[in-house]
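Enquirer: Produce the complete structure using the sequences and hints provided.
So the protein sequences, as listed, match chains A and B.
Under our numbering, the first residue of the first sequence is numbered 1, with each subsequent residue one higher.
Under our numbering, the first residue of the second sequence is numbered 1, with each subsequent residue one higher.
Worth flagging that the hints you see were computed from the coordinates, not collected in a lab.
Don't take each hint at face value.
Label pairs and their calculated CB-CB ranges [to be verified]:
no.: 1; chain 1: A; residue 1: Arg115; chain 2: B; residue 2: Val55; range: 23 to 33 Å
no.: 2; chain 1: B; residue 1: Thr183; chain 2: A; residue 2: Arg115; range: 54 to 64 Å
no.: 3; chain 1: A; residue 1: Asp7; chain 2: B; residue 2: Val55; range: 57 to 67 Å
no.: 4; chain 1: A; residue 1: Glu142; chain 2: B; residue 2: Arg13; range: 50 to 60 Å
no.: 5; chain 1: B; residue 1: Pro7; chain 2: A; residue 2: Gly66; range: 35 to 45 Å
These numbers were taken from a predicted model, which means no experiment stands behind them.
Just so you know, even glycine gets a beta-carbon here, dropped at the ideal spot from N, CA and C.
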Amino acid sequence: MPNVIIDPNDVMIELKHLRKVFGKQVVLQDINLDIRRGETMVVIGQSGGGKSVILKHMIGLLQPTGGEVSIDGITISTPDFFDTRTIRKRMGMVFQMGALFDSMSTGENIAFALREHNPNLSEEQIQNIVTEKLELINLKPEFRSKMPSELSGGMRKRVALARAIALNPEVILYDEPTTGLDPITSDVINDLILDMQRKLHVTSVVVTHDMASAFKVADRIAMLYGGHIIQTGTVDEIKNSTNPYVQQFITGQRELPTGLEDGD
Amino acid sequence: MTVLLTPFKYIARLIAEGIMAVGEIAWLLIQIIKRVPLVRKNPELTIRQMVNIGVSSIPLLFITSLFTGAVAAVQSEYQFRGLIPDKFIGTAVAKMVLIELGPILTALVLAGRVGSALAAEIGSMREKEELAAYEVLNLDPLRYLAMPRFLTFLIMVPCLTIMSSFLAIIGGWIVCLVGLDITTYTYFTGVQYLFENMDLFSGLIKSVVFGIIIFSLGYYHGLNAGAGAKGVGQATMKTVVSACVSLLVFDLFIALLMFS
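Expert: Shown next, in the form of structure tokens:
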């Protein structure tokens, strides 16, 4: 469990009545969620339930159908307003499959945005930052010359994390960071997520359905069900939840458990 | 009545979708052209694309061009045998190749070779969230992905067309020497005879337009590719089909504009 002091009143990301409709399909009904500065919030829920859609609203890849998204008190998107370019400089995202630029080496993947956004940095300074970021994710500098196709799934995600932290973001969003990885590699990624919080003091949002990962990295967990956040709480609160949908999900049962109060 | 109307509705929907696609492609092209001045900041991205597309296309164009010229010479000799002097075989080959066969065949080959590859590349980048990764890093995909490829097609298609036309004339010469008993002097006298700058110019104008068409359709279908391998496969197929049709239609319009 992370050991970082978090002020409950210092909200970094705020979703107010967020609603998203694709065609006729309502993916998010009414999402209300506050993420505090410096905390790691894990959003859990079934596959296809809209967890990644929430994440994409936070970083401005999607515009809401209803409601609003605010980052550090600045409204970045509503159905009528969408200005995410400035806020993205303060955020990084690790995609589910890494989304590394296949035509560039590992080092170039990390350096590319750095070079484009900081034209005053010398090549030596850029390479020093690349080395520093690789060290942060426990990779040797020699890895900079490897192409993404030469990397394993776990390595790709680590490099994706190095790329996400290259611009020193205040917020890191992780989309299913442990999906497709073996349990040991998953734990390496979990430790890196915790490391980022401790060393870089970032606010993190992790979307996952891997409960071992969620319990390890989370300060708080939010459960998404039916387009709503049905419960938010600490790891212990979620473990001891009386909501049958939460219990069904965290214990991985096919049927709803009986003898609990109805979550609706 | 509803059954009778169904085909009309289907056709109307197809037309509406076509008009929307043309609008989207036009908007995309305008956005890309606006970013062309930024090429000086990252020239290596464009150069890398030019090398990739140029080098990968040369072997195929080498073979198709030589044979196209050779067939043009054989057919001309057969059609005109006994009717006109041999030197006009060279004239016929040069005129056909420079005005028509060079640009259109190069474009058709490139639509299949690099247009489909562009659609597959962009489609799989979208599928693997690489395009989203550009946006998340505040890097404009139109500047870093689309514009270098646009310039590559704009420049490389005419360059490859010139190479292809040259090779086709060489192909015609080889077959004249080997199979048709026409001397080098006679053939190349014919090539130069009746040559007008307009022949070369019209071919180049066509190849510039063809380059833009192949790029636009490849990039557009890649961006709109469906999910998975099937989606990417369909995007490449749509690129080749739509490019072949568009190239031939535009070929006619350019010919009407320049020669009528």
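Enquirer: Each hint needs a verdict: does it hold in this structure or not?
Expert: Evaluated hints:
1. Hint check: A/Arg115 to B/Val55, Cβ distance near 26 Å, so the stated range 23 to 33 Å holds.
2. Taking 54 to 64 Å as the suggested C-beta distance range, the pair B/Thr183 and A/Arg115 conforms, at roughly 60 Å.
3. In this structure, A/Asp7 and B/Val55 meet the distance hint of 57 to 67 Å, their C-beta atoms being roughly 58 Å apart.
4. Here the CB-CB span from A/Glu142 to B/Arg13 is close to 56 Å, well matched to the stated 50 to 60 Å.
5. Evaluation of the 35 to 45 Å hint for B/Pro7 and A/Gly66 yields a pass: the beta carbon distance comes to about 39 Å.
Consistency note: the structure conflicts with none of the earlier hints.
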